[in-house]
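Trainee: What follows is each chain in one-letter form.
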Amino acid sequence: MIKRLLCSGAAGLLFLVALVLPGFAADKLKIGLVATLEGTYTVLGEDGVRGFEVALKQFKSMAGGREIEVITGASDASPDSAVRAVRKLVEQDKVDFIIGPLSGSEGIAVKNYSRDHPNVTFINGSSGAQETTFVDPSDNFFRFNMDGAQWMAGLGKYVYDKKGYKTVATIGEDYSFIYTQVFGFALEYCQAGGQITERFWVPLGTKDFASIIAKLPDDVDAIYLGLGGGDAVNFLNQYLQAGGDAKLIGGTIMIDQTVLSSKGKAKEVLTGTPGAGPQADTWDNEKWQAFVKAYQDAFPADKRFPVPSLVATSYYNAAVAAFTVLNDIGGDLSDGQKKFREGLAKIELDAPNGKITLDNNRQAIGTNFVTEVTKDENGNLVNSLIEIVPDVNQTLGMDPAVFKKIGIPAREVPVCQASYN
Amino acid sequence: MQRFIERHPVWSLVILIAAVFLLWLILAEWPRGLVAFAGRKKVFLNALLNGITLGGLYFLVASGFTLIFGLMRNVNLAHGSLYLFGGYIGYTVATASNSWILSFIVAFIAMAVLGMLLQVLVFRRMEGEELRQTLVTIGISIVLADILLWIWGGDFYQIETPDWLFGAIKLPIITAVKSSGDAVYMKYPLVRLVILAASIVIGVAMWLALNKTKIGMMIRAGVDDRDMLSATGIRIQLVFVLVFAFGAGLAGVAGVVGGTFQSLAPGEDTRFLLASLVVVIVGGMGSIPGAALGALLIGLSEQFGSVYMPTYAVVLTFLIMVLVLAFRPQGLLGSRG
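As given, the protein sequences belong to chains L and X, one line each in that order.
When we follow the numbering used here, the leftmost residue of the first sequence carries the number 1, and every step to the right adds one.
When we follow the numbering used here, the leftmost residue of the second sequence carries the number 1001, and every step to the right adds one.
Do not rely on the hints blindly, as some may be mistaken.
No more than 27 Å apart at the CA atoms, straight line, and that leaves these computed lysine-lysine pairs for BS3-like [to be verified]:
no., chain 1, residue 1, chain 2, residue 2
1, L, LYS60, L, LYS247
2, L, LYS339, L, LYS28
3, L, LYS355, L, LYS287
4, L, LYS265, X, LYS1187
5, L, LYS247, X, LYS1042
6, L, LYS247, X, LYS1187
7, L, LYS94, L, LYS339
8, L, LYS247, X, LYS1212
9, X, LYS1214, L, LYS247
10, X, LYS1178, L, LYS166
11, L, LYS166, X, LYS1042
12, X, LYS1170, L, LYS265
Quick look at which bits of chain X chain L covers, simulated, 3 or more residues with Cβ under 8 Å [stated by the list, open to error]:
no., stretch
13, 1183 to 1194
14, 1277 to 1284
Partial selection, computed: residues in chain L whose CB lies under 7 Å from chain X [unchecked claim]:
no., residue
15, THR42
16, PRO203
17, ALA214
18, ASN234
19, ALA242
Read the hints as simulated data drawn from the structure, not as lab findings.
Heads up, the beta-carbon is just placed ideally off N, CA and C, and yes, glycines get one too.
Just need the whole structure built from these sequences, with the hints factored in.
Mentor: Right, dumping it as structure tokens:
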């Protein structure tokens, strides 16, 4: 009898809570967070979420006087998985805005989706395909990270002039972000005088690279690695076992903490490898060091990387931009998010990895870092600062008309030539 | 052999010619025209050996899968999770004890025990209900995947190759001749050769155990007719438990192998489940030689695909599967019915 009473009581309570909750929820700010929490980029996705959480902690889970509620959606680096996650968040959970996605082709797909949903604002997580904001940009899609080509700024000249690599072969995952990376590298490297002899493309999620490794040419000065996540780790492991000893050049996610913190000794082969990206782990800038410390304090040492990866930094920046604007406008999204978007477009973000502003396509203009992989005092591999390249815009300082003529990054675009005028 | 030649004279000739041609490709110095057409000999040889060694890994995973299916008609969709779980355990043991060999033993035993538990606690309760069993295994695989993510996180793990296996060795195969007349010998990672040898040994041992021992006889009889076997007084449940334990243990061993020359991470479980599904569909459900043939085919197609037609490499394995399903739905070496 008592049991039954308790049961019905509990049921009644649940019913009441269900009635009351939507009332509370109306005041809450609902954010949909999309990251690759499955598949070969899982490690990257997890660190993206960590970066977001650091921002959340700093803002005490409040923005514009409203409590923040986060709903997470998982994707696996494929465009359709990202759209599925976003669709669920937008159409079912009715979030106010989205932060994400993480990976290049996901970004293009989500941008296309955003066009059909003008009431929701989309802030990119860390995806870096050029096409996302350069071709047919969407009014409600904002990107506070630079694209893959911008992340290469400074590297081509550095490896040609300082390292003396006159010929390079590239190997990369066969999708938009790596196309963009090779595009950025090639433009600068070829204009400096370098030659790209061959470009190898492997499907995203390749695990056995042994045959590709055998195919890599011996007669080039260095090999450019445009791989990330599990693919990068597998490549390095098999490269070592095959007795490989060529000079390497790292793409942005190749020399990132996501690879440099992997278990095993394969990553050691990267020591001394030059690369470039939106951050240098050892930068002594005050703001950067503060961010690194906030990240380290937020999670126990075995649940994070020694320093935040660029994915964490990007998600952090995206979240901080959104929360700052929301604070400025008092959390008012009632006007179809018009004020929110105006604020986002105008904000000058004083990010830990340098100042960030948006251009007319709502694409970031920011600072880039040329780095080299070294071992720090604790035995961790980090990328340490070589050179800072300020104010990198999406056309890489070139005339937009000339830049457009080169074409959208693809397997064989751009052609390697000394001048593109 | 004799009978095969008598029954299929044309096929025998084709196979013979192909074998001789392959041998020539491996041993001879490639003429310039062939190099221009198909690339350097080194690339071809590497793809060939890599395909075979990768096939060895696939065989380790798929043979347990096919054995369990053959006997119990249970499509164990948690097989990939056993692979990953075994790999993680192998990693933990290998780093703690510094012994690569020990990690195999522990991974095998741990997964065998888990397999036994699954059989006794879960599958025995729903014997004969194939659909239900299959759905339950999906559920188990999802739960296991999350538990593994919880314990080991999303990082990439590599089991370190012991020093005596590290690096490449020279094979007595000439890949090219330098202009000075010196021969360039093929270099190949030692660890992959050892793994290949191990999987051949395991495969042959399994074949012998199935065909020459009493327990093997029971298993084969069980594959053909379960009810009749139990009617003869054999404790079929015990056979089931043993087979499940062995199949699961093999998946664990494969996990250590995979962790050594590839890496362990979330998602690998479904990848290897998919690979073993394709392998047994191509080779024939329930057949050990079929699993070997299927694994070899899939391994080779992946490697040759990645070298000679990288854009379509992913499609190639599935193309093989489609062709097999279209023309020989029971699998290449599967029995009808």
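Trainee: Taking the numbered hints from earlier one at a time, note which ones the structure violates and give those numbers from smallest to largest.
Mentor: Numbers 1, 8, 9 and 14, in rising order.
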